[in-house]
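All chains should be built: construct the whole structure from the sequences, respecting the hints.
In order, the protein sequence lines correspond to chains X, H, R and E.
In short: position in the first sequence from 1, add 57, done, that's this note's numbering.
In short: position in the second sequence from 1, add 2, done, that's this note's numbering.
In short: position in the third sequence from 1, add 383, done, that's this note's numbering.
In short: position in the fourth sequence from 1, add 9, done, that's this note's numbering.
By construction, these hints were calculated from the structure, which means they are not laboratory data.
Among the hints, a few may not be true.
Claimed, not checked - Here are the simulated lysine-lysine pairs, DSSO-like style, with alpha carbons at most 27 angstroms apart: (1) R:Lys-515 x X:Lys-163; (2) H:Lys-403 x E:Lys-65; (3) H:Lys-403 x H:Lys-353; (4) E:Lys-90 x H:Lys-400; (5) R:Lys-454 x X:Lys-165; (6) X:Lys-238 x R:Lys-515; (7) H:Lys-200 x X:Lys-188; (8) E:Lys-139 x H:Lys-234; (9) R:Lys-411 x R:Lys-442; (10) E:Lys-90 x H:Lys-261; (11) R:Lys-507 x X:Lys-238; (12) H:Lys-351 x H:Lys-200.
Everything numeric in this text was worked out from a predicted model, so none of it was measured.
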Amino acid sequence: MKLPKWQTYIPLLFIIFMFVLPLFMNSPRYLNLLNQLLLNIILAMGVYSVWSVGFINAAQPIFYGLGSYTVALLMMRAHFPFWLAFPMAGVIPAVVALLFGLIGLKMKGAYFLFLTIALDGLISWLFISWKGLFGGQLGIFPVPQPRIQAFGLDINFATSRTPYYYLALVTAVITCLVYFKMFNSRLGRVWESIGKTEDLLANTGISVFTQKQIALAVSCFFAGLAGAIWAPYITIITPSQFGLWQGITIVLGVLVGGIYSPLGAIIGTIFMAALNLVFTYLPSQTVQYQPMALGFILVLVLLFMPTGILGLSGRVQNRIKELTGRKTAPPSINKDDVKAV
Amino acid sequence: MKKGLCSFLILLLAVTLLAGLVTGCSSSTTASKEQVITIGVDTPLTGGAAPWGLSEMHGVTLAADDFNSAGGLTIGDTHYTLKVEALDDAYDTAKATNNINQMAYTDGVKFMFTFQTEGSLALAPTLTNMKILNFTVVNDDRIIAQPADAYTYRTYMGFSVQANDYLAWMKKTYPNDKSIAVLTTNDTNGNVTEASTKAAAAAAGLTYLAPVFYDTGTADFSPFVTKILNEKPDIILTIGDPTGDVGLIAKTLNGMGFKGIHATGIVGAADLLKIAGQAPIEGMLTLNMPLIPGGQVSSAVLGLPAREVAHSGSAWGTAYCCTWDFYSEAGIMFDAMKQAKSVDPTVVKAKIDQSGAKFNYAAINNGIATFGSPASNAIFGANGGHQVTNSWPIDIIKNGKDTIGTIITPK
Amino acid sequence: MALLETQKLTKTFIGLKAVTNMDLSVNKGQILGLIGPNGAGKTTLFNLISGALPPTSGKVLYKGRDITGFKPHILARMGIVRTFQLATVFQELSVLDNIQVALHYKSRVGFLQTLFETPAMAHKENGIVREKAMKLLNIAGLTNLADTRAGNLPGGYQKLMSVIIALAVDPELLLLDEPMSGLNAEEIQTLIRLVKTIRDERGTGIIMVEHNMKVVMDHCEYIVVINFGQKIAEGTPAQIASDQRVIEAYLGSE
Amino acid sequence: MAQIFQVIVNALSLSLIYILFATGLTLIMGIFDVCNFAYGEFVMVGGIATYLIVAKSGLPYIVAPFAAMIIVSLIGIIFEKGIFYPMRNRGGLEPALATFGSSTIMQTAVLILFGGMPLGVPSIMSGQFKIGSAYFPMDRLPIIIGGFLMITLLFLFVQKTKLGLAIRALQQDQDAAALQGMNIASIRVVVWVVASCLAAVAGVLLSSISYVSPTMGSGYLLKGFAVVIMGGLGSIPGALVGGFVLGFVDSFGQTYLGSYSYMFAFAFIMLVLIVRPQGLMGKR
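In structure tokens, the structure reads:
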């Protein structure tokens, strides 16, 4: 599909838009919402990439938590500067993911899902029981906040939410660049084929297992980085923040956006954040019905909009074209081509 | 695919602008003779902790209604009334921080009630900076260990404050029972309870046996009860456990032949009766306020269940466990406003911090609440002023009904 | 030396012997036909050779090297490639992308390279791969359909593509699992031409499981007949055609 | 020594609870290859029915299972016709997520209608008897009898009836079954009704020893999955064996290792899966 040239600049414009956003939406409340949105986008991209190789990782929040604990402990116990602890917070979840993958990725989808649930329990149990290191149920408080003093700059993360926003934005942009580059490459084609035609893929010399390992490890690496931003941001981390169902809302976002493209993951996550924002403006009497509304959205999207918002917008465009007489034909074989063989 | 993105971005921009518009409108209030003060409540209205959150929302709302119908507050020629705005956090850290931020920054709330542990802890410094008075019910004692000028107060007597009196009373009332063991959830709540009981047992001269923790969501308590009975305790404490768990524990203890004392927290005998039946709960100790006429229960809380149903409409038509408790706690804040004759959080805070100040604790006739009592100072030292101590009952269940054993009033 | 040799290859599923003491050998440039009634163990044998199943006992030798129990992707890298009865192509991808995915291993682009290659490098590399893929499509005469979604192609074309996909891996030994099933006469001719071209140009050894007796008799140089997991006959098409045991196995002994 | 005896008695009744929960789950997971995250809510609806009939209306206990079976079966049929059948060609993950959404809807609906406080249901039997130094609570007796009865009935149904044969054929291969001229759509409904009845009875029995609340089923769901996966997807003997293994591991773990000992159980299941990826009684 050829696009007009100006449309290829939309992502760039969007990134610039996000960079200047704090200039006119600088209330801590909105920065807080945007920050959480960016962290969720990082997690959603990970969920999408693991999904693309055929699995649901229900333990995504626990890898996020692992990143949080890593950064907090490295800063508080080993006195690492934040900027050294930050990448480590990605590496450790990735290593745990690789070890877990040795068992889990050899299983079928449902078993993998179950094993990630078990892994989630296992690591939370570690957080809760190893009180000396992880602080048990009370967690770690207060997590020190980073401060940059260089080149005449003094950026104190403790006094403003804006530096966190930019840190999260840069991390999210890097994450998205990595994934978009990945999924637009030939390797991306390979990933999309995993889970559907695995035997055939193996038969062309590709180690499907290695590719799955990479997908899982990379998603957990970025989840860890997101966690590393969350820990000093919220200043208190406890095991209960990284429960199973936090992951479900991420999966829900990916689904609503459209599970057949990484862009859908981003759009769905933004949609969910917008929905939550709308919910806060509704009267408190409706609050009980909100989980129900989410449940209905989930079921209806799965039943009637399997391609999510992204697919819907395509369908709407097709419909408009039909109405205006410019019909777009579904992809089909050209009879003449077939005869020519 | 990219076209989808394009139209989506336009939509997003529209939503952003709309959100800005809405907030812009809501912040424009004009000074007049009639002023409405917004009381913000961040609490779990959905999910597993919803029974408590709904109780809190109803309790605070009904207390505000009573404040208004009692004439509100008139300062100079301005008449102030209260309005409650409740937000749901589903007991999730991210949602709680969002809600508290929204109330503080966008809605300009100056008086707040918070529930969620991590959110309350993380935002306590912000609330102090913004001079927003916050009453919280977080069970985690680190909420008290804030700087002395912190604007966050705990209006819930964590078991840390009650334990000494509770255990001392048991020791006095049941002199033959000498050992105590805790059976509680393995979460923040349970761990805090366990630590408090251990200290109080030493003070009361009871033998403290190894505690048993269970996972939240347990439905078969036999293994845990087997474990705790193996230590042969005279008293088993299940304080802080959810109502359903206490009922099942009572049933299981009875089934395994436990003859000692089963003491628990704010749990109604009526609820226990439905779950466990009469025999297992006979003689249990609770900290509940029996909502039956007579005794020392104030008439203010007796009518709460009916009012709650009327207030919430049919969809909410259930009286939850501890509305009376939240009602009384909210009453402390509103009484402080009345006593300070001000709706300025700094002035109200000064009143609360004033040594020897006593506030009305609505649930009990002539009940009082105070901050920085000798009891809370003994536990929290210099920060004791951020912990409330109020009148509270110890009940004994007789014939399936709560009967007040004693009322403990802070000194 | 034989290209591939199996020695006393045996596979037992809980109590059931699927393949018993199978000795088989195929040479470079030879087309070996593998025939037998349904459930005779042909596909199991294929799975054993291509690494999809580990054998219970016995050995597989490839160019004299013991490759028993190797994983399919390792075998594919060594030059042993198979096609499948079902799920023959990447349904969701275009015809061209199908071949490009198949060329992926040969082009050796890993995750980190994908991340760090510049757009220019990617463009150049993509160009090379694309060219290779088009060349392969040309062999099968599928160039016109390069941009069609593979799942939309008729069955015959998908079968053709699956052979091309296998070809993209540069096989020295090609295992074809019922390649002719579901094809019409014309398509069969095309596919046979393709297979013979591969054999003649590259000297690839080919093992073909096939039910179409005419194809097997006309085009295979050597035929092995199995039944109940055991080899019951082997030889040239002429020898097999007159073998009493084969006729019994197919028609049943009365 | 006395304690070990008590632990074994505890383990027996715990195992039966797990087994009751897992049999219906394994039936659905084995045939449709889909995790039904709303199964816990099926059980919960069974509990709600018991509450309404026994605690609210004061009708005899025997009415409860039958009413519960009818109500839960209706819900099961709605699930089949509304979610699983339309999504039958969409892999396992998407229907699983749809059941997750439905579970949220059902939980919220019950929370709104009945509130979040535990709803008490009287026990079918009460009291206890002493075996040596161990106590056996009588309220567990119906669980054990009911559990064994349900499993026997299910086993007979699947093994001895024509419909059971059809279900087994469906479990082996849906396409082949369709080729044999079976009416797949109606057999699928039968499977749902059977699984729903199992859930309903589990709900009745569970609520009699515990209490009814919106989340009463979801607490057991993970354990149910654990039993199903350990036993082997779709295997009824597997659910039996898996339930006993998990019940004993849990009971001993909780008594001797304390809370979160279910992690010990999970580690055990991981080991089982490494050795036998198809589960204890599953077929490859």
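Mind listing which of the numbered hints don't hold for this structure, in increasing order?
1, 3, 4, 10, 12
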